[in-house]
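Trainee: So the sequence lines, in the order shown, correspond to chains A and B.
For the first sequence, this note's numbering puts the final residue at 526, and the numbers step up evenly by one.
For the second sequence, this note's numbering puts the final residue at 1343, and the numbers step up evenly by one.
No lab work stands behind these hints, which were simulated from the structure alone.
Hints are all accurate, no fakes.
A few chain B residues that face chain A, going by a derived Cβ cut-off under 8 Å, partial list only: (1) 1055; (2) 1064; (3) 1100; (4) 1143.
Even for Gly, the Cβ is constructed at its ideal location relative to N, Cα and C.
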Amino acid sequence: MTERPGGYRLGIDVGGTNTDAVILDADLHLVAKYKASTSADIVGGISDAMAAVLNSSGVPAAAIERVMLGTTHATNAVLQRRDLARVAVIRIGGPATKSVPPMWTWPDDLRQVVSAGETIIDGGFEFNGVEQVPFDEDQLTEFLDLLANSPSGPPDAFAISSVFAPVSDAHEQRAAELVGQRFPDSTISLSSAIGSIGLIERENATVLNGTLTTVARSIVNGLNAALTDHGMDAELFFAQNDGTLMAIDRVLQFPVLTIGSGPANSMRGAAHLSGLSEAIVVDVGGTSTDIGVLASGFPRESAVPVEIGGVRTNFRMPDLLAVALGGGTVVTEDDSSDHGVKIGPASVGHRLDTEALCFGGSTLTLSDAANVGGRASFGTNSDIGLSSDLAARSLSEVDDMFESGIDRMKLSRSDQPVIAVGGGSVLLPSELAGASEIVRPDNFDVANAIGAAIASVSAEIDKLFELTDGSRDAVIEQAKSEAIDAAIATGSDPDATEIISLEELTMAYMTDNVLRLRIKAAGPLR
Amino acid sequence: MGAAVFGAGGGGDPLIGSLMAGKAIADHGPARLVDLDELDDDDLILPAAMVGAPTVMGEKFLSGDEGSRIRERIENELGRKVAAYSSAELGGVNGVIPVTWAAIDGLPIADCDLMGRAFPELQMTTAVLAGVDINPVVMTDERGNIVSFKTCTPEWAEALVRTVVGAMGGEASMCLYPMTVAQAKEAAVPRSMSRAIEVGRLLLEADDDPVGALCQAVDGFALVTGKVVDVDRQTTEGFAKGSAVIEGVGPDSDRLLRMEFQNENAVLIEDGKVLASVPDIITAVDIHTARPIVTEQLRYGQRVSIVALPCDPVWRSEKALALAGPQAFGYDISYVPVEEIHD
Chain A
1 MTERPGGYRL
11 GIDVGGTNTD
21 AVILDADLHL
31 VAKYKASTSA
41 DIVGGISDAM
51 AAVLNSSGVP
61 AAAIERVMLG
71 TTHATNAVLQ
81 RRDLARVAVI
91 RIGGPATKSV
101 PPMWTWPDDL
111 RQVVSAGETI
121 IDGGFEFNGV
131 EQVPFDEDQL
141 TEFLDLLANS
151 PSGPPDAFAI
161 SSVFAPVSDA
171 HEQRAAELVG
181 QRFPDSTISL
191 SSAIGSIGLI
201 ERENATVLNG
211 TLTTVARSIV
221 NGLNAALTDH
231 GMDAELFFAQ
241 NDGTLMAIDR
251 VLQFPVLTIG
261 SGPANSMRGA
271 AHLSGLSEAI
281 VVDVGGTSTD
291 IGVLASGFPR
301 ESAVPVEIGG
311 VRTNFRMPDL
321 LAVALGGGTV
331 VTEDDSSDHG
341 VKIGPASVGH
351 RLDTEALCFG
361 GSTLTLSDAA
371 NVGGRASFGT
381 NSDIGLSSDL
391 AARSLSEVDD
401 MFESGIDRMK
411 LSRSDQPVIA
421 VGGGSVLLPS
431 ELAGASEIVR
441 PDNFDVANAI
451 GAAIASVSAE
461 IDKLFELTDG
471 SRDAVIEQAK
481 SEAIDAAIAT
491 GSDPDATEII
501 SLEELTMAYM
511 TDNVLRLRIK
521 AAGPLR
Chain B
1001 MGAAVFGAGG
1011 GGDPLIGSLM
1021 AGKAIADHGP
1031 ARLVDLDELD
1041 DDDLILPAAM
1051 VGAPTVMGEK
1061 FLSGDEGSRI
1071 RERIENELGR
1081 KVAAYSSAEL
1091 GGVNGVIPVT
1101 WAAIDGLPIA
1111 DCDLMGRAFP
1121 ELQMTTAVLA
1131 GVDINPVVMT
1141 DERGNIVSFK
1151 TCTPEWAEAL
1161 VRTVVGAMGG
1171 EASMCLYPMT
1181 VAQAKEAAVP
1191 RSMSRAIEVG
1201 RLLLEADDDP
1211 VGALCQAVDG
1221 FALVTGKVVD
1231 VDRQTTEGFA
1241 KGSAVIEGVG
1251 PDSDRLLRME
1261 FQNENAVLIE
1271 DGKVLASVPD
1281 IITAVDIHTA
1291 RPIVTEQLRY
1301 GQRVSIVALP
1311 CDPVWRSEKA
1321 LALAGPQAFG
1331 YDISYVPVEE
1341 IHD
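All chains should be modelled from the sequences, with the hints used to inform the complete structure.
Mentor: In structure tokens form, the structure reads like this:
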């Protein structure tokens, strides 16, 4: 890594419950950490966390050279239909695809807030890059005329998608040019830069991206102001959902990619803290546990489409299994189950420190069972009157739930190491079926903020290639170098950029063999 | 989704199929499903299908007027009106394609199909068993290209259709085996659409033991509950061929099964013993919801139940087994009905 001497990094992770901040030195060792409840004013909360962690570290603000942020802003904006930009949606794919128009699958209320108009224009490509039909510029001009005369004013953003844009983006590029001439103040999102094969999901992700451009700008402005306030002259990066980083200009262009960065950060943090690159990560919070898989040090991605606020997308998300298990999970006796107890799914959540028995409350939680069972020493109240039998039965049930979740996520039949992170990870026992060992790294409670701070930058390609005899190897090599070039363009160090995943998918019903390759390259920031 | 249960892992992703049908119904009102007995014997039925790679269908789905275009072409060629659409095969996409086209055209859907399940090749139909001609075959794409042809044998149709699909960009809409209601009474699997709808409804509503409820509804057998531990897929001769290995969990621990597929699931094997084979229907379903998982979506770690259900009895004659039995798929095994293996 080509760090300047003395270059510190400040990593922040804004989660649903907690905002965590860490400072790492140039060798990526932890210097200071800070944890607070996430406040309603998220940017204010981030600013406070920055000040607090700076203060406790003793590192001068000017020595912080990079700030990495993972945040739930974008998710919240969609879920709460707040601060969303109005998007004009252009699909280039007619006469095909008219049977399901843009945003047809969206929840009505979200569509109303987001859509400034939708159209399908003739154009698009076949899987092999041949034009399906020529791009009809007149149809686009007509739609732009309509928008220009709209009583609600020009749209804030445009989302442009075309059929098989991952194979050829020529029509999207031409449309962007025409839109840019007419509406120079609107942002433009292209599906070819955002999603993979699967038009509806890619188009949805592109519209979501368009609608998040306003909120992205306000976070970036807020953070830049916070950096100035604290006397930091640092480069700002945002974590994205695949566990890698993007620079500010990319955040403003692709805010949708920040959705789901939290779990990815904690998995990357777990990899860094443990030094393992092939492992299961179990991240236990107050309410739930996320179980994911590290492959080559990165989260394995989900193969099934992911929904955000009721909208189906196909962009990159870690493949996670969420289990209702956390420090605040409520325990009740239940004769019908194996161990005579029922674990969750209810949780006291962030009220753990008032409602759990060990904090003087009246609800039996897993934190209490962990205390009595000797796994933890939570809270203030040691004499809670919980029988060791009930605690043991609760923990046996918990172990079964962990084992079943780990087994479901495992990549191979052999035992794998399990890395325990998150504030509630003391719930894990020292041995579990399916786990070759349970690794508990130092500073496991701020793995997510560390994950943001240490992350690499990456790029991905997902394209169809036509194969002729013997061309397979050459095609794969070409695709790999395309992926590496894309990562370098994103900021990765050219000397250390490597392929981190390569997926090969074949297609049925084709006379010629067609190869679909999804390849990702990543490397440290240069 | 019900159709996808009978799709035996093939027949396309139910999502894009149901979106297209849902939009057509929202715009044009629902299509009416009618029993063959409600139609006149002389009425013409048009079995509809999409052919192509599911990946292409997810990118370049229908324009919406493909059905009307095919119908008009057939009406011109045969010199008579089409009275109803029907399904050519039950599957995630092809089970609902006739719904889309019937809704748009305001025509009813005849409650039947030509397979009672999904099969990979065009000649594997009950129409061939009953001697109904596949011709004329009409294919169209979203641009309005129409290809209409007559073939010597259904096997030739299979070869020509693949070539046209390639030229049309990896996907096409088509009709085949146009027939009268009188012919359909002999040559189609009756009431298969309503059966698929019932099963789909059951899957949406079932909350307690959906897999059990599914088996009960279709006279099926849950042959193993386990985890997919390996999926091997390759494209040969235009098919997604391969196999999935399922390792038993819970009461099925220590069992290891292999499911071979050729677009559709073809045989299920344990310790060299055949647990089920074509033409019986083998479908992987989600362990918790009993929702079918098509072969393209099978992947490591999924918890599945493998459910096998008897095919329509028409598939069990010697002639039918020669067309779509294990040997037609290249397996050197003799067919034993699934209910006899697991009685």
